[in-house]
Amino acid sequence: MKRFKMPPWLVLLLPAIIILSAVVLIPLVLSLYSSFTPYKLTRPESLYKWIGTFNYEKALGDTKFWAAFGRTILLLTIALNLEMLCGLGLALMVSKVTRGQRALRTAMMFPMMFSPILVGFQFKFIFNDNVGLVNNALQSLGITDMAIPWLVDGKLAMFAIIFAEMWTSTSVFAILILAGLFAIPQDPLEAAKVDGCTPIQSFRFVTLPFLMPFIYIAMAIRSLDVARAYDIVQIMTNGGPARRTELLWTLIGRTGYVDAKMGYANAMGYISIFLAIFFTIYFFRKLTAARAELGMGV
Amino acid sequence: MMQSVSAQNRKRIAKTAHFVGLFIAMSIICIPGLWIVLNSFRPTVEIMAKPPVWIPNELNLDHYRAMFGGAGEGGVPVLTYFRNSMIISITSTVIALLVGMGGGYAFARYHFKGKSAIFVGLMVTRAVPGVALSLPLFIIFARLGIIDTHFGIILAYVAMNVPFTIWLIDGFMRQIPKELAEAAEIDGCTRWQAFWRVEFPVARSGIASAGIFAFLTSWNEYALASQLSRSTTSKTMPVGLLDFTSEFTLNWGGMCALAVLMILPALVLTFLVQKHLIAGLTFGGVKG
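Which chain is which? The protein sequence lines are A and B, in order. So my numbering is basically just the index in the first sequence, starting at one, shifted up by 1. So my numbering is basically just the index in the second sequence, starting at one, shifted up by 112.
It is possible that part of the hints are untrue.
A few chain A residues facing chain B, derived, Cβ under 8 Å [stated by the list, open to error]:
1) P117
2) F122
3) Q123
4) F126
5) I185
6) Y231
7) D232
Okay, the calculated beta carbon distance ranges per label pair [to be verified]:
8) B:L171 - A:L75: 39 to 47 Å
9) B:T357 - A:P150: 13 to 21 Å
10) A:A108 - B:K123: 24 to 32 Å
11) B:T156 - A:I52: 50 to 58 Å
Derived list of chain A stretches under chain B, where covered just means 3 residues or more per stretch with a C-beta under 8 Å from a C-beta of chain B [unchecked claim]:
12) 24–35
13) 96–108
14) 127–139
15) 266–277
16) 280–293
Source of the hints: derived by calculation from the structure; they are not laboratory data. Beta carbons are placed, not taken as given, at the ideal position from N, Cα and C, and that holds for glycine.
Isolated chain A, as found in the complex (with noise of 0.2 Å):
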């Protein structure tokens, strides 16, 4: 008997391989066979007609998901930014910082613990238009007399999601940053400051650059789930008013759950994990090539 024998590295990969297959990529196989029917949770026997790729033609043709589809990139490209430049002057400000840098740095990462969830609910709590801390103050201080409808007005509600999703994030840029401030060799620094540099030029020239794969580690983290936002969306405002802040992926678990009408859902779903698997390698690959550009790629 003749018996096959695995090599050792693929043993010890074979338990995460089976998982993730088992959990992960059957469901999508058959979240992508039930895209092309018009499956219904209601009547399952409507799995097994075929209907060719009429969800995707729907998809594709309907407003209300192009409108969703602009709204998640133009959140992702405003919150992703804001978060790097933020979590960039933090991390910045904190290195500064001589004494009591520990208990800053600690501080800082208490975002970083709240559940999605979580988060979703304290800010619809503060900007709650009734008893929100956010008017509260406002009207404290006598900058306004209104109850401003916050999560009730659709361009403020974006700003308060938006600001939410920042709350969250900033941290985990502001530390994988600072991370890298102290990692920067201080050679080239004062060899800068010798050679006539301004601090800016400096920071521009010699520190920027270094910093550069720390911030696309942290891109990379955050592109691994940034549909972290649908938790918050969804207990802010659910995709209201009228769905003004309606996400890809409200819309999907309204249309999957709510409408039942999980082909149509699945088809959409699909449009959004393309959309998350994009942002991943692209983020995955900006590293690399980061990395590969101050020799560490080793």
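Keeping the supplied structure of chain A fixed, place chain B upon it in accordance with the hints.
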């Protein structure tokens, strides 16, 4: 003379700006959380007061008492949710760690064809949005009859945590010099023994922080849990938070109390490993 004074002034201004900026940033980070904690101790009347009450007149434990009081008078079965959360998070973390240790070790110590492709492939599975994944999982789990069971949610969470655990453990393993294990093997250890006796103790803190990361992810997860759990038999705390909302009213105080209960374990765990966490993330990414 004049110049040095203005230079000094500029320095002073920069210092003040730095301080003010830091103060504002830190306030924004800390106040929302502290406000929730404060409100969990305030009576509902005071939370709802118009004009707002800034300095609390009365702090009490009413919301906590109501919360732990059971499902009776508008209470939420918090203890059951807490237990569910604990069982699910701990079990899935332990399994994810075991699987992740195997995977991380494989990536750190072996060279094989398609290594980076497999690595990115594993990472990509983590990027699938919870909502999108929950749709097909819901269908399959319903067929298998494991909707609303601990087992189903644990299974989903293990899969969710494995890629990240592998990434972190891989990063930590790489920091340990290969020679260490090789020396042990020369001394007569098998590879298995070399791992447990030599490499594992060195990497222990790193593995622990990967574990805490996995625990926090499971502890805080909502999108999957909200669909895969139906009743008190498997509902976790993030899902239970919604029990305080009804069509038109929200029990803010009760929600705050549950929120505090949710944050506490996370807070303790994060403080325990914060140093390793940063090291793990950066080394895993930069030197990987």
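Going down the list of hints, with the structure as the test:
With its C-beta approaching chain B no nearer than about 7 Å, A:P117 sits inside the 8 Å limit, and its interface hint holds. Annotation: interface hint on A:F122 holds; nearest CB of chain B at approximately 6 Å, less than 8 Å. For A:Q123, the shortest C-beta to C-beta distance to chain B is roughly 5 Å, which falls under 8 Å, so the interface hint holds. A distance limit of 8 Å between C-beta atoms decides the matter here; for A:F126 the minimum to chain B is near 6 Å, and the interface restraint holds.
Hint status for A:I185: violated, given a least beta-carbon distance of 12 Å to chain B, over 8 Å. Annotation: interface hint on A:Y231 holds; nearest CB of chain B at approximately 5 Å, less than 8 Å. For the restraint placing A:D232 at the interface with chain B, the shortest Cβ-Cβ distance is roughly 5 Å, inside the 8 Å limit, so the hint holds. Taking 39 to 47 Å as the suggested C-beta distance range, the pair B:L171 and A:L75 conforms, at roughly 42 Å.
Roughly 19 Å separates the CB atoms of B:T357 and A:P150, a value that falls within the hinted 13 to 21 Å. For the pair A:A108 and B:K123, the beta carbons lie near 27 Å from each other, so the given range of 24 to 32 Å is met. The hinted window of 50 to 58 Å between B:T156 and A:I52 holds, with their beta carbons roughly 52 Å apart. A stretch counts as covered by a chain when three or more of its residues have a beta carbon under 8 Å from one of that chain; for the stretch 24–35 of chain A and chain B the count is 9, and the coverage holds.
Interface restraint, the stretch 96–108 of chain A with chain B: holds (6 residues with C-beta to C-beta distance below 8 Å; minimum three). Coverage of the stretch 127–139 of chain A by chain B holds in this model, with 5 residues showing a Cβ closer than 8 Å to a Cβ of that chain against a need of three. For the stretch 266–277 of chain A, the proposed coverage by chain B is satisfied: 7 residues have a C-beta within less than 8 Å of a C-beta in that chain, meeting the threshold of three. Counting residues of the stretch 280–293 of chain A whose beta-carbon sits less than 8 Å from any beta-carbon of chain B gives 6, enough to reach three: the coverage restraint holds.
The structure does not agree with numbered hint 5 stated previously, though it agrees with all others.
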